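The working numbering numbers the first residue of the sequence shown as 2 and each following residue consecutively.
Accuracy of the hints is not assured; some may be wrong.
What the hints assert, rightly or not - With a Cα cut of at most 25 Å, we get these calculated BS3-like pairs of lysine-lysine: (1) K229 to K177; (2) K233 to K177; (3) K80 to K229; (4) K177 to K143; (5) K177 to K80.
To be verified - Label-pair restraints from in silico Cβ distances: (6) A249 to S49: 20 to 28 Å; (7) S105 to V175: 26 to 34 Å; (8) F141 to E5: 43 to 51 Å; (9) A47 to N235: 33 to 41 Å; (10) V115 to L12: 26 to 34 Å; (11) F7 to K233: 30 to 38 Å.
Simulated from the structure, these hints should not be mistaken for lab results.
Values in this document were obtained by computation on a predicted structure and should not be read as measured data.
Ideal Cβ positions, reconstructed from N, Cα and C, are used throughout, including at glycine.
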Amino acid sequence: MSIELFIVLFLIGFIGSYISGMLGIGGSIIKYPMLLYIPPLFGLAAFSAHEVAGISAVQVFFATIGGVWAYRKGGYLNKTLIVYMGVSVLIGSLIGGVGSDAMSEAAINTVYGVLALIAAVMMFVPKKGREDIPFDQITFNKWLAAVLAFIVGISAGIVGAAGAFLLVPIMLVVLKIPTRVTIASSLAITFIASIGTTIGKITTGQVDYLPALVMVVASLIAAPLGAKLGKKMNTKILQILLALIILATAIKIWLDILL
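All chains, please: the whole structure from these sequences, using the hints.
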């Protein structure tokens with residue numbers, strides 16, 4: 002690996018993981034297109050969709066560890082939510098991670114484009130605020146949460162994500178979970194999902210380990226820093242930032258698919 006590629010990969014991992022820690026997402030929604038498009042801009046290695054998905058899967062696994070660690074003492078982790086959605090998304094992501102080996106690059110990019118577009122639309126759906134509910138009085142439809150998490154897990158497992166960019170709007174819009182609990186709990190659920198996705202990618206030989214290692218190191222540094230800032234920011238600003246990031250990514254991916 003050249004020093005130029007090392008620097009570019011480290012910066013991609015750092016920036017993406019900082020945002021992921023701040024907004025409660027695994028970061029693949031940002032790093033997937035960055036890995037796909039940025040290295041070739043500098044005349045460096047062009048990764049295939051399978052390689053990008055594999056690198057993303059490993060990186061998200063470690064990025065979410067840092068984020069969950071930062072939130073562990075804040076009282077925002079909802080254990081019931083994490084158990085129901087975590088188990089379902091783990092099973093789904095394992096299926097998607099293994100099954101993606103048989104898919105073409107165009108198919109993987111199309112799945113990613115669909116996921117990003119759905120997430121962008123969901124983030125702009127008007128939401129009834131439940132921010133004043135005490136954390137110990139939060140209720141939600143457990144089986145609906147489990148089914149949706151399973152579906153997200155399959156799709157996210159295909160693209161090497163952990164699905165947080167879909168889980169966050171689902172928890173906010175459908176399950177009506179307060180924003181800070183959503184952000185913290187989604188990181189824990191994303192970590193669980195990344196286990197299945199990573200196992201699926203590794204067992205089918207879709208991981209380029211050296212670039213993945215560079216991204217992991219950047220993630221471990223940046224994700225806790227982002228989570229620390231996220232706990233201090235206004236929740237409305239966090240929602241707007243997440244929506245804009247997802248929308249921009251969806252537009253870029255679909256332009257590349259259709260043009």
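- Query: Between K177 and K143, does the CA-CA distance stay at or below 25 Å?
  - Reply: Answer holds: K177 to K143 is near 12 Å, not above 25 Å.
- Item | Cβ distance range 30 to 38 Å for F7 and K233, holds or violated | This hint holds: roughly 32 Å between Cβ atoms.
- Query: Within a Cα-Cα threshold of 25 Å, do K233 and K177 meet the stated pairing?
  - Reply: Status holds; Cα separation ~21 Å.
- Status of the given 26 to 34 Å range, CB of V175 versus CB of S105: Hint holds: Cβ distance 31 Å, inside 26 to 34 Å.
- Message: Verify the CB-CB distance for V115 and L12 against the hinted window 26 to 34 Å.
- Response: holds (28 Å)
- Is it true that the C-beta distance of A249 to S49 lies inside 20 to 28 Å, as the hint says? holds (23 Å)
- Pairwise hint evaluation, K177 against K229, where the allowed Cα distance is 25 Å at most: holds (24 Å)
- Would you say the C-beta atoms of F141 and E5 sit inside 43 to 51 Å of each other? The hinted range 43 to 51 Å holds for F141 and E5, with Cβ atoms some 47 Å apart.
- Task: For the range 33 to 41 Å, tell me whether the beta carbons of A47 and N235 fit it or not.
- Result: About 39 Å separates the Cβ atoms of A47 and N235, which means 33 to 41 Å holds.
- CA of K177 to CA of K80, is that 25 Å or under? Satisfied, since the Cα-Cα distance of roughly 16 Å is no more than 25 Å.
- Item | Given hint K229 paired with K80 - CA-CA distance at most 25 Å | Between K80 and K229 the Cα gap is close to 21 Å, so the pair holds against 25 Å.
The structure fails none of the hints (numbered hints given earlier).
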